[in-house]
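Q: Spelled out from the first residue to the last, the chains are:
Number of protein chains: 2
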Amino acid sequence: MGLRGGVWASCSVPCPGGGPVPQSRPTSPLASPQETLTGKYGEDTKLIYELQDQGGELLALRYDLTVPFARYLAMNKITNMKRYHVAKVYRRDNPATTRGRYREFYQCDFDIAGQFDPMIPDAECLKIVHEILSDLQLGDFIIKVNDRRILNGVFAVCGIPESKFITMCSTVDKLDKMPWEEVRSEMVGEKGLSPEAADHIGEYVQLHGGLDLIEQLLQDPKLSQNKLAKEGLGDMKLLFEYLTLFGITGKISFDLSLARGLDYYTGVIFEAVLLQPENDHVEEPVSVGSVAGGGRYDGLVGMFDPKGRKVPCVGVSIGIERIFSILEQRVKASGEKVRTTETQVLVATPQKHLLAARLKLISELWDAGIKAEILYKKDPKLLKQLQYCEDTGIPLAAIIGEQELTDGVVKLRDVATREEVDIPREKLVDEIRRRLEP
Amino acid sequence: MGLRGGVWASCSVPCPGGGPVPQSRPTSPLASPQETLTGKYGEDTKLIYELQDQGGELLALRYDLTVPFARYLAMNKITNMKRYHVAKVYRRDNPATTRGRYREFYQCDFDIAGQFDPMIPDAECLKIVHEILSDLQLGDFIIKVNDRRILNGVFAVCGIPESKFITMCSTVDKLDKMPWEEVRSEMVGEKGLSPEAADHIGEYVQLHGGLDLIEQLLQDPKLSQNKLAKEGLGDMKLLFEYLTLFGITGKISFDLSLARGLDYYTGVIFEAVLLQPENDHVEEPVSVGSVAGGGRYDGLVGMFDPKGRKVPCVGVSIGIERIFSILEQRVKASGEKVRTTETQVLVATPQKHLLAARLKLISELWDAGIKAEILYKKDPKLLKQLQYCEDTGIPLAAIIGEQELTDGVVKLRDVATREEVDIPREKLVDEIRRRLEP
Chain A
1 MGLRGGVWAS CSVPCPGGGP VPQSRPTSPL ASPQETLTGK YGEDTKLIYE LQDQGGELLA
61 LRYDLTVPFA RYLAMNKITN MKRYHVAKVY RRDNPATTRG RYREFYQCDF DIAGQFDPMI
121 PDAECLKIVH EILSDLQLGD FIIKVNDRRI LNGVFAVCGI PESKFITMCS TVDKLDKMPW
181 EEVRSEMVGE KGLSPEAADH IGEYVQLHGG LDLIEQLLQD PKLSQNKLAK EGLGDMKLLF
241 EYLTLFGITG KISFDLSLAR GLDYYTGVIF EAVLLQPEND HVEEPVSVGS VAGGGRYDGL
301 VGMFDPKGRK VPCVGVSIGI ERIFSILEQR VKASGEKVRT TETQVLVATP QKHLLAARLK
361 LISELWDAGI KAEILYKKDP KLLKQLQYCE DTGIPLAAII GEQELTDGVV KLRDVATREE
421 VDIPREKLVD EIRRRLEP
Chain B
1 MGLRGGVWAS CSVPCPGGGP VPQSRPTSPL ASPQETLTGK YGEDTKLIYE LQDQGGELLA
61 LRYDLTVPFA RYLAMNKITN MKRYHVAKVY RRDNPATTRG RYREFYQCDF DIAGQFDPMI
121 PDAECLKIVH EILSDLQLGD FIIKVNDRRI LNGVFAVCGI PESKFITMCS TVDKLDKMPW
181 EEVRSEMVGE KGLSPEAADH IGEYVQLHGG LDLIEQLLQD PKLSQNKLAK EGLGDMKLLF
241 EYLTLFGITG KISFDLSLAR GLDYYTGVIF EAVLLQPEND HVEEPVSVGS VAGGGRYDGL
301 VGMFDPKGRK VPCVGVSIGI ERIFSILEQR VKASGEKVRT TETQVLVATP QKHLLAARLK
361 LISELWDAGI KAEILYKKDP KLLKQLQYCE DTGIPLAAII GEQELTDGVV KLRDVATREE
421 VDIPREKLVD EIRRRLEP
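Protein sequence lines, in the order shown, are assigned to chains A and B.
The first sequence lines up with residues 1 to 438 when you count with UniProt numbering.
The second sequence lines up with residues 1 to 438 when you count with UniProt numbering.
For the record, the hints were derived by calculation from the structure and aren't laboratory data.
Here the structure is a predicted model, which is why all the values come from computation and not from measurement.
Treat the hints with care, since some could be wrong.
Since the list can't tell identical chains apart, any single copy or any two copies may satisfy a pair.
To be verified - Straight line, CA to CA, 20 angstroms or less: simulated DMTMM-like cross-link-like pairs of lysine to aspartate or glutamate:
| id | residue 1 | residue 2 |
| --- | --- | --- |
| 1 | K360 | E431 |
| 2 | K377 | D117 |
| 3 | K237 | D117 |
| 4 | K377 | E241 |
| 5 | K360 | E402 |
| 6 | K164 | D263 |
| 7 | K384 | D117 |
| 8 | K378 | D235 |
| 9 | K360 | D117 |
| 10 | K411 | E426 |
| 11 | K411 | D430 |
| 12 | K377 | E231 |
| 13 | K82 | D391 |
| 14 | K82 | E390 |
| 15 | K360 | D235 |
| 16 | K352 | E241 |
| 17 | K352 | D117 |
| 18 | K307 | E437 |
| 19 | K360 | D379 |
| 20 | K360 | E241 |
| 21 | K427 | D407 |
| 22 | K360 | D263 |
| 23 | K378 | E241 |
| 24 | K378 | E231 |
| 25 | K174 | E186 |
Construct the entire structure; sequences and hints are all you get.
A: Laid out in structure tokens, this is it:
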């Protein structure tokens, strides 16, 4: 499974969601000073949950895991770290539960912080996204990549002033949800661009491809004269080289329409989208769109350091809520029953007045590490106990009645086949383990 | 390990902290309407973090996992559930980090909800606490048990009016931190009891023992006339019977001074405390005190149900932060190095211009599920790469140079012994797996 696979699992710090880590504690706090969060999310700042002033402290709930991670690095003077983090974030948004959008939801982030040679960590982030989406078998997907420096270069050669670069990014970013014509009118109407400048931008941002496109743009008479764009295109070429070595370029598209809404990206940006199968047999198709996204943010840590010391970072956020809503719908559609417990054995009795025998036996099983349950009734009916096994998918029942107590055995029942065998009590644990072997 | 052992692992719903569960989502939200939380925590209500009103909603951060669990059951009309939950809670308290007290900290709860025969789920909660504390080898411990009904019966026979029962509980609860004389003066001074009533209470609440004490109190001329106390003592006897079958009475103490501060308990209450070893060699002894606590709260779910329908519950909260602070200090004292990564292999090169070879090899290892890392540098020195393995405890290095590329082999180095063997590339994954077998 991807979430524990090779590249992902080599990440240095385990997820705090799996329990606090004894040695290092990379969990950045859920509540941060309000000014920590404001000014990092552009137009989305209005979605931040703020806490009441209760004694001179203005705090806010985290909006994502990236800004708290950057603050954590700065506050602890860490210049080098690779970690993943699965935890909840909060947005005052309108929930859309069918699409996996909630006000409180899990994010699942992977980030590499540190001063390294270009594009090596960036390529690893994309490899991780590829590994997770492949292993989860979510269907066909594509990972769009772009670079903020290329986009800014495009804006520059189209005559846009630098002060408008960030707002232009949010407008271009809408190209995955609306056609170019609408994006163009926003540029001209709301953002005050000349129709010619908008059209010029349109020529670039509608391009997508692979190494060919990178080479073509490196030859582009205007773009190749722009320092930022040239740097971005050079790194993009390097990135494709590394992704070729990783064997994943088949799923990667260099897409100039990808802009990502957030303010803090400074280099490579990327976003993974699921592709709807052409022949869609699912009755209620899930419109999920983007399932992972991220990029390079070299300036964010410096914003939290008193001396402005920078720590370059690149990271990715996996949309686990969206992925789970797809998996849920798929399970629902398949009609398969999913077990909600891991219980291996139900300890049952066929007659009354045998609660003590059940408690003694289950205690033995628990002490041996067997996952066992009993019904919390003094004298449950045997039928009810067996029905419980079938309802919850417990594979074995260990039945102990008066006869079994006298004989020193336990009747082990296979719930599926209904076969029953008397097992000497001292061999019960071994027999259960043997039956449960994969 | 206890946290995954027999009794604990048989709990039906896995911890949301380990990732959201596809089928059921037992995660109660972090933010609740403020009125949900007020009036549940007695004097501790002042420690609740409240959110700013941002559009007519008054919300608060959860103070524990119990009240949100009760609200979850009521809102979803669930009458029957066993689950564990590891997640963060929030308290506007004064942090004391050395004692493992934070404003934001993990709680780890296990609860059984439903109408069952008396004391069977209650005994299971105690068995779980016993299993966890034993398996973690935290040293000697004792689990104190009592029953709110016994305490209330004591108050009643000592002439205390029912309206004062809850506040009397918080006073008695201080007996683990201060001597009886001080508790007595709080009763007389602050709570307005007569010295005789206080002394009478003192005769009872300083008692502790086992089955003998239960029998003795069942014969107590006054207490045995009190309906509540009689019920509580009857159930306590049953509980000890079940705990004997579970083989754990050696660590259980029926202790009448145990009161637990919270308002919502209605029956059995319990608290586990670590005992300091007599011969203490640790330089900085950790004063941790209570590491788990809980009890029965049969009225809480009904408070959230519009029709007041009750769902009896019993549960326990494991103080994982405190347990971790003990484990951390122990590791520190032992001087042992704890690995912070699970990386199995570092892919290294001895010469320059071999980044492509490293990337190709690591990609093969990742794809085979091997946990591998590289240094994010184009041309790192071999010494630096091997030093990194030693510093971080990576056991193997897969070294690929020009000669190895020509020969189709990889030099596999055991970092500890410094032994190196050439392995044919196609056999590398198997050889790594073989070496890493336990």
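Q: Now tell me if each hint is right for this structure.
A: Results for each hint:
1. Taking the closest pair of Cα atoms, K360 and E431 come within 20 angstroms of each other only inside a single copy of the chain (18 angstroms); across copies the shortest separation is 46 angstroms, beyond that limit.
2. Taking the shortest alpha-carbon separations for K377 and D117, only the inter-copy value of 5 angstroms comes in at or below 20 angstroms, while the best intra-copy value is 65 angstroms.
3. For the homomeric pair K237 and D117, the shortest alpha-carbon distance inside one copy (14 angstroms) is at most 20 angstroms, but the shortest distance between copies (69 angstroms) is not.
4. For the homomeric pair K377 and E241, the shortest alpha-carbon distance between copies (15 angstroms) is at most 20 angstroms, but the shortest distance inside one copy (65 angstroms) is not.
5. For a Cα distance limit of 20 angstroms, the shortest separation of K360 from E402 inside one copy, 14 angstroms, qualifies, whereas the shortest one across copies, 65 angstroms, does not.
6. Taking the shortest alpha-carbon separations for K164 and D263, only the intra-copy value of 12 angstroms comes in at or below 20 angstroms, while the best inter-copy value is 57 angstroms.
7. Taking the shortest alpha-carbon separations for K384 and D117, only the inter-copy value of 15 angstroms comes in at or below 20 angstroms, while the best intra-copy value is 65 angstroms.
8. Within a single copy, K378 and D235 get their C-alpha atoms only as close as 70 angstroms, which misses the 20 angstroms cut-off; across copies the closest is 14 angstroms, which meets it.
9. For the identical chains of this complex, K360 and D117 are inter-copy neighbours only, at 17 angstroms across copies versus 62 angstroms inside a copy, given an alpha-carbon limit of 20 angstroms.
10. Taking the shortest Cα distances, K411 and E426 sit within 20 angstroms of each other inside one copy (13 angstroms), while across copies they are farther apart (49 angstroms).
11. Within a single copy, K411 and D430 get their C-alpha atoms as close as 14 angstroms, which meets the 20 angstroms cut-off; across copies the closest is 42 angstroms, which misses it.
12. Taking the shortest Cα distances, K377 and E231 sit within 20 angstroms of each other only across copies (19 angstroms), while inside one copy they are farther apart (71 angstroms).
13. In this homomeric assembly, K82 and D391 come within 20 angstroms of each other (Cα to Cα) only across copies, at 15 angstroms, whereas the closest approach inside a single copy is 43 angstroms.
14. For a Cα distance limit of 20 angstroms, the shortest separation of K82 from E390 across copies, 18 angstroms, qualifies, whereas the shortest one inside one copy, 45 angstroms, does not.
15. Taking identical chains as interchangeable, the C-alpha atoms of K360 and D235 lie at most 20 angstroms apart only when they sit on different chains, with a minimum of 19 angstroms there against 67 angstroms within one chain.
16. Proximity of K352 and E241 under a CA criterion of 20 angstroms is satisfied inter-copy only: 18 angstroms between copies versus 72 angstroms inside one chain copy.
17. Taking the closest pair of Cα atoms, K352 and D117 come within 20 angstroms of each other only across two copies (14 angstroms); inside a single copy the shortest separation is 73 angstroms, beyond that limit.
18. Proximity of K307 to E437 under the C-alpha cut-off of 20 angstroms is found in neither arrangement, the shortest distances being 58 angstroms within a copy and 48 angstroms between copies.
19. Proximity of K360 and D379 under a CA criterion of 20 angstroms is satisfied intra-copy only: 15 angstroms inside one chain copy versus 63 angstroms between copies.
20. In this assembly of identical chains, the alpha carbons of K360 and E241 lie at most 20 angstroms apart only when taken from different copies (11 angstroms versus 64 angstroms within one copy).
21. Proximity of K427 to D407 under the C-alpha cut-off of 20 angstroms is restricted to the intra-copy arrangement: shortest distance 14 angstroms within a copy versus 54 angstroms between copies.
22. Taking identical chains as interchangeable, the C-alpha atoms of K360 and D263 are never at most 20 angstroms apart, the minima being 62 angstroms within one chain and 34 angstroms between chains.
23. With identical chains, the CA atoms of K378 and E241 are at most 20 angstroms apart between copies only, with a shortest distance of 13 angstroms across copies and 68 angstroms within one.
24. For the homomeric pair K378 and E231, the shortest alpha-carbon distance between copies (18 angstroms) is at most 20 angstroms, but the shortest distance inside one copy (75 angstroms) is not.
25. Taking identical chains as interchangeable, the C-alpha atoms of K174 and E186 lie at most 20 angstroms apart only when both belong to the same chain, with a minimum of 10 angstroms there against 66 angstroms between chains.
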